[in-house]
Amino acid sequence: MFDEALRKPRGKGGRAPDPMRVGGWVPMREYPGDEEVDFAIVGTGAGGGTLACKLAEAGFSVVAFDAGAWWRPLEEFASDETHQGKLYWTDERLCDGANPLKLGANNSGRAIGGSTVHFAMVSLRMRPERLNSRSKLGYGADWPLDWREMWNYYTEVERALAIAGPVNYPWGPPRPRYPYRAHEINAAGLVLARSCEAMGIDWSETPLATVSAPRGRSHPCVYRGFCVTGCSTNAKQSVLITWIPRAVKAGAEIRDLAMVGRIETNAGRATGVHYYREGQWRFQRARNVVVAGYAIETPRLLLNSANAQFPDGLANRSGLVGKYLMAQTNQAAWGVMEDEIRWYKGPPSLAITEHWNYTDTGKDFFGGYAYMSQGPLPQAWASTLSGNRGLWGEALMREMEKYNHQAGLKIVGEVLPQEANRVTLADEKDQYGLPIARVTYSLCDNDQALVKHALDFMSKSLDAIGATDIWTEDDDTCHLAGTARMGDDPTTSVVNADCRSWDIPNLWICDGSVFPTVGAVNPSLTIQAIACRTGDRIKELASQGTL
Amino acid sequence: MPERYPGYDVLAKRDGLSWNEPTRSAIAARLAIADEPRFFDIEAWQTLKAVCDRMVPQPAGRAQVPIAAMVDRKLADDARDGFRPASLPPQREAWRRGLAALDATARAQHEARFHTLAAADQDRLLKAMQQGKLDGPDWNDLPAATFFGARLASDILSAYYSHPLAWSEMGFGGPASPRGYVRMGANRRDPWEAAEAKPGSEAEARRENDRVR
Amino acid sequence: MATDREILNGALGALAIGAAGALLCGRTKPTRRKRQPPPRSAMERARREAERPPQAPTVKAARRLNRAAGLIALSTLLDSAVEHYRGSFHNKAMYTPLVVSALTLYVSYHGTGDRRPAVHRFRDFTYLVSAATGFVGTAFHIFNIRKRPGGFSWQNLFYGSPLGAPASIALAGLLGFYSERLRDNELKRSPKVFGLRAGRALAALAGIGMVATSAEAALLHFRGAYHDPFMYAPVVVPPIAAALLGDTALSHPRPPRRLTRWWLRLTALVGFAGAGFHIFGVSRNMGGWRNWRQNVLNGPPIPAPPSFTGLALAGLAALGLLDDHPDS
Numbered sequence: 001m002f003d004e005a006l007r008k009p010r011g012k013g014g015r016a017p018d019p020m021r022v023g024g025w026v027p028m029r030e031y032p033g034d035e036e037v038d039f040a041i042v043g044t045g046a047g048g049g050t051l052a053c054k055l056a057e058a059g060f061s062v063v064a065f066d067a068g069a070w071w072r073p074l075e076e077f078a079s080d081e082t083h084q085g086k087l088y089w090t091d092e093r094l095c096d097g098a099n100p101l102k103l104g105a106n107n108s109g110r111a112i113g114g115s116t117v118h119f120a121m122v123s124l125r126m127r128p129e130r131l132n133s134r135s136k137l138g139y140g141a142d143w144p145l146d147w148r149e150m151w152n153y154y155t156e157v158e159r160a161l162a163i164a165g166p167v168n169y170p171w172g173p174p175r176p177r178y179p180y181r182a183h184e185i186n187a188a189g190l191v192l193a194r195s196c197e198a199m200g201i202d203w204s205e206t207p208l209a210t211v212s213a214p215r216g217r218s219h220p221c222v223y224r225g226f227c228v229t230g231c232s233t234n235a236k237q238s239v240l241i242t243w244i245p246r247a248v249k250a251g252a253e254i255r256d257l258a259m260v261g262r263i264e265t266n267a268g269r270a271t272g273v274h275y276y277r278e279g280q281w282r283f284q285r286a287r288n289v290v291v292a293g294y295a296i297e298t299p300r301l302l303l304n305s306a307n308a309q310f311p312d313g314l315a316n317r318s319g320l321v322g323k324y325l326m327a328q329t330n331q332a333a334w335g336v337m338e339d340e341i342r343w344y345k346g347p348p349s350l351a352i353t354e355h356w357n358y359t360d361t362g363k364d365f366f367g368g369y370a371y372m373s374q375g376p377l378p379q380a381w382a383s384t385l386s387g388n389r390g391l392w393g394e395a396l397m398r399e400m401e402k403y404n405h406q407a408g409l410k411i412v413g414e415v416l417p418q419e420a421n422r423v424t425l426a427d428e429k430d431q432y433g434l435p436i437a438r439v440t441y442s443l444c445d446n447d448q449a450l451v452k453h454a455l456d457f458m459s460k461s462l463d464a465i466g467a468t469d470i471w472t473e474d475d476d477t478c479h480l481a482g483t484a485r486m487g488d489d490p491t492t493s494v495v496n497a498d499c500r501s502w503d504i505p506n507l508w509i510c511d512g513s514v515f516p517t518v519g520a521v522n523p524s525l526t527i528q529a530i531a532c533r534t535g536d537r538i539k540e541l542a543s544q545g546t547l
Numbered sequence: 001m002p003e004r005y006p007g008y009d010v011l012a013k014r015d016g017l018s019w020n021e022p023t024r025s026a027i028a029a030r031l032a033i034a035d036e037p038r039f040f041d042i043e044a045w046q047t048l049k050a051v052c053d054r055m056v057p058q059p060a061g062r063a064q065v066p067i068a069a070m071v072d073r074k075l076a077d078d079a080r081d082g083f084r085p086a087s088l089p090p091q092r093e094a095w096r097r098g099l100a101a102l103d104a105t106a107r108a109q110h111e112a113r114f115h116t117l118a119a120a121d122q123d124r125l126l127k128a129m130q131q132g133k134l135d136g137p138d139w140n141d142l143p144a145a146t147f148f149g150a151r152l153a154s155d156i157l158s159a160y161y162s163h164p165l166a167w168s169e170m171g172f173g174g175p176a177s178p179r180g181y182v183r184m185g186a187n188r189r190d191p192w193e194a195a196e197a198k199p200g201s202e203a204e205a206r207r208e209n210d211r212v213r
Numbered sequence: 001m002a003t004d005r006e007i008l009n010g011a012l013g014a015l016a017i018g019a020a021g022a023l024l025c026g027r028t029k030p031t032r033r034k035r036q037p038p039p040r041s042a043m044e045r046a047r048r049e050a051e052r053p054p055q056a057p058t059v060k061a062a063r064r065l066n067r068a069a070g071l072i073a074l075s076t077l078l079d080s081a082v083e084h085y086r087g088s089f090h091n092k093a094m095y096t097p098l099v100v101s102a103l104t105l106y107v108s109y110h111g112t113g114d115r116r117p118a119v120h121r122f123r124d125f126t127y128l129v130s131a132a133t134g135f136v137g138t139a140f141h142i143f144n145i146r147k148r149p150g151g152f153s154w155q156n157l158f159y160g161s162p163l164g165a166p167a168s169i170a171l172a173g174l175l176g177f178y179s180e181r182l183r184d185n186e187l188k189r190s191p192k193v194f195g196l197r198a199g200r201a202l203a204a205l206a207g208i209g210m211v212a213t214s215a216e217a218a219l220l221h222f223r224g225a226y227h228d229p230f231m232y233a234p235v236v237v238p239p240i241a242a243a244l245l246g247d248t249a250l251s252h253p254r255p256p257r258r259l260t261r262w263w264l265r266l267t268a269l270v271g272f273a274g275a276g277f278h279i280f281g282v283s284r285n286m287g288g289w290r291n292w293r294q295n296v297l298n299g300p301p302i303p304a305p306p307s308f309t310g311l312a313l314a315g316l317a318a319l320g321l322l323d324d325h326p327d328s
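Same order as they appear, the protein sequences are chains A, B and C. When you line the first sequence up against the working numbering, it's residues 1 to 547, in that order. When you line the second sequence up against the working numbering, it's residues 1 to 213, in that order. When you line the third sequence up against the working numbering, it's residues 1 to 328, in that order.
Just chain A, with the same shape it has in the complex (with noise of 0.2 Å):
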């Protein structure tokens, strides 16, 4: 029920769904496989949405594909976490290291937009200093990216999706507006405003992609609270419902439900993708190939690919392609509060303070954190106590029962980059025949430094507002990036700035997967800025001649 779009592709017959009206359907122009199209994109998440917009918007001519459905959340999406199941990448993966990654629902989404179908629109820039870490901190790696440039593709996305941030942003260099005000930040916000003021740091309202007043088509947030379930009132500025759009009326082509398996090279160079759609496997042509799948996606596509000319897989000649694999930190503080918190409602995480990002003094490790307020819907929260905890039975219940009574501050910790956090193939194959990853994971003794800092931190904090049944979770992981990092050098890096493969000049990396290291916010808003980028350095070779 509701999930036509998973049965049946929809971007064909010339024309593609609209996701902002019941119904409804926009034009779209079509390839034929056997055409050579300028782009060949896996994966229309924040990488490949993105970069799908602007090359398309550039003149190119691009076909896009995605494993995921076409949705229309007006009408498809129930406000219920089993149900919007749907919108996860649920394929199998094998987890392990000291640390075993949680995917799913946590992290990894699979549809046309991505995972920022069901992201919490968390939408921040990485502190200038991280892209330059290594020099200017003495820790991780060196982006080969300029941040003052960076600044300006963060102002682009920013734009592009209408962030509803604070007038004005504590940390950092200056920004320009953004476009839409912060929304009312709800009292599981405020009690981590009420806290870093008794703590004596700066706080702020979380700039989010949800629009605080109305957008085109695109009602005002409602404060429903199933965001991270996909958002059913298209408040959320999810690539699903700007990117994509766009893409298609500059006359890109959106393949949905087509897994990309395999691309195929010729004497050097990518010739094309081969995709399964519709009960069988396809081939498309194409001149450049961009893969653009998220942290796992991308290595196991590469590696899959693997053939006689590039026995290790594509793009691979530094053996680095799987590695180098970050998952922050998540870790959390909880706490009961007297008053009813009720922190189901408006968007889990409306209040943050990026302090002991933007602070390098009264550290024991290098990198840094943001946290944010909370909300978690009733699974995840007893998930998060079971797991935690060990809490079942009454026990479980007990605890179940304050819920509303629950606040909590939880981080986005930045983790080292370690070439011994990994993915690899394993034996074990998926649906379409294809080798399934296993993920390899492991926390380092700086990375647990930092988790331990940020618990006492956030423990103190509550404490100090009067929050009681304190304690902190502290074992989780979110975001992911690396696995196929960028850098001015062939021999440590995949890509270089341009997210163009060292080793095949046609096949190109667009995605979390190019970061050579995680910084310590989110990582959506600093994706679709690269693709930005890329977008425009691809314009710009192809005028000099030298795509």
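Treat the hints with caution; some may be incorrect.
To be verified - Some chain B residues close to chain C (C-beta under 10 Å, calculated; not the full set): (1) L17; (2) A28; (3) L165; (4) R183.
Claimed, not checked - Each pair of labels, with its calculated beta carbon distance range: (5) B:G200 x C:I142: 55 to 61 Å; (6) B:S25 x A:G390: 32 to 38 Å; (7) B:G200 x A:G200: 34 to 40 Å; (8) A:E278 x B:D77: 19 to 25 Å; (9) B:E36 x A:R269: 55 to 61 Å; (10) A:G13 x B:E36: 39 to 45 Å; (11) A:K402 x B:K127: 18 to 24 Å; (12) A:K136 x B:N187: 44 to 50 Å.
Simulated from the structure, these hints should not be mistaken for lab results. Just so it is clear, CB atoms sit at the ideal spot from N, CA and C, and this is done for glycine as well.
Let chain A serve as the given structure and place chains B and C on it in line with the hints.
Relative to the frame of chain A, chains B and C by itself:
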């Protein structure tokens, strides 16, 4: 334990503005799940039912959430999470082997099937499983603690807390679209939210909760 | 926490007090008019019309001011009812603006029909209470904002207790109070209020009110990111009207009034059109009017814009006064 949200029923909003059509349809399907196995054989089913009763001891005197059947349907549909600890087999196999091993342990230690044991004995076995103290020949190479955390507890609690009865019990607002919420501050409640009974105000909370639509 | 039933009882109670006050007001007319039988013929009606005392320009202006005050009071009554309902009337004092603006609305209605050149004590008192309520309410709201995390931050100016809202009831009270002072003037003398030239002072008062109300619209439309170009109207049109009124107040001997009059009419129109736009705004939010329990509260405030109409009427009253008493 007195009810914290007396008389509050999320389902009273079912036909109102807080529920859209996809939500009604999804919850209707969930409420229609019959308390019988589709995936498990009868022995595993008996064990699962007993485990669910201990993992979530539901209050007597109200309808019971058919947790075991909900877990069973997840497996019948093979609706996966998108990842699993590498030490566990895929969910169907993990569940079959885990329940069989638990039952075998019960027989070995108590000479009785798990579901016939006293609640205290069942709890002891579950606790031992959670602490990883059950690894043994019955468990083969299935890591009991990982199975407990990543599979058993996770699937059972997700099933229970996807049910409107559980939402009502904890005062959760429930589905919310197209109507969301207006009053965002502390101690502010929209008229379509659960009213909490404070000492001395139980009757008033019940009256308010009766009016939730 | 107030329950819905309590809130309803409270609101009804508040309106009942308002109604009772209104009745009281109806009974305390300074001189009882003798009830006359209805006119039997057109001739008689004409005769009676001729017998009525001539209406002094000050009274004409005062009645116009009553109308203006009434409109602002109505806007405040509805707006505070909606906003304080949203705030669950968690403090009993939140019923006050309902009572006071209901009373103000009634005495304004009463004044609009009253042609006598004399102060009406209860009316006068009500207007004074209304003005005081506005000032106390503003203080309350300032206090509320200060105690929220962030203090006088944009967040709290946007979403905390609005500073401009209680000011508008003060404005209704001031205009009404002013109208009573106008009635206090003797015929054929250049009217003065507190020793100031009445027409010019009124123009200034209306202008100041307009600037303040426009500032509030600017703040709240900034919150709405001016997503619709029409949202600039209440930020552009009333301040120009205020400037023209300022010019009127300061120019001597004979201020330009034609443009001012037309611009005030335009401002009045903006006020009504604003309510229309806000009605549309509610309808385009998620769930539309079907979801009114959310959208009337979270959407644009429908009763707010007519305040501009009220102020424009006050400005027009000032111009009328100046027409009749150029030196006022």
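Results of checking the hints against the structure:
1. L17: holds (5 Å)
2. A28: violated (21 Å)
3. L165: violated (25 Å)
4. R183: holds (7 Å)
5. B:G200 x C:I142: 55 to 61 Å: Since B:G200 and C:I142 have Cβ atoms about 34 Å apart, the given range 55 to 61 Å is violated.
6. B:S25 x A:G390: 32 to 38 Å: holds (36 Å)
7. B:G200 x A:G200: 34 to 40 Å: holds (39 Å)
8. A:E278 x B:D77: 19 to 25 Å: holds (22 Å)
9. B:E36 x A:R269: 55 to 61 Å: holds (58 Å)
10. A:G13 x B:E36: 39 to 45 Å: Check passed, 43 Å falls within 39 to 45 Å.
11. A:K402 x B:K127: 18 to 24 Å: holds (23 Å)
12. A:K136 x B:N187: 44 to 50 Å: At roughly 46 Å between Cβ atoms, B:N187 and A:K136 fall inside 44 to 50 Å, so the hint holds.
In terms of the numbered hints stated before, the structure departs from hints 2, 3 and 5, listed from lowest to highest.
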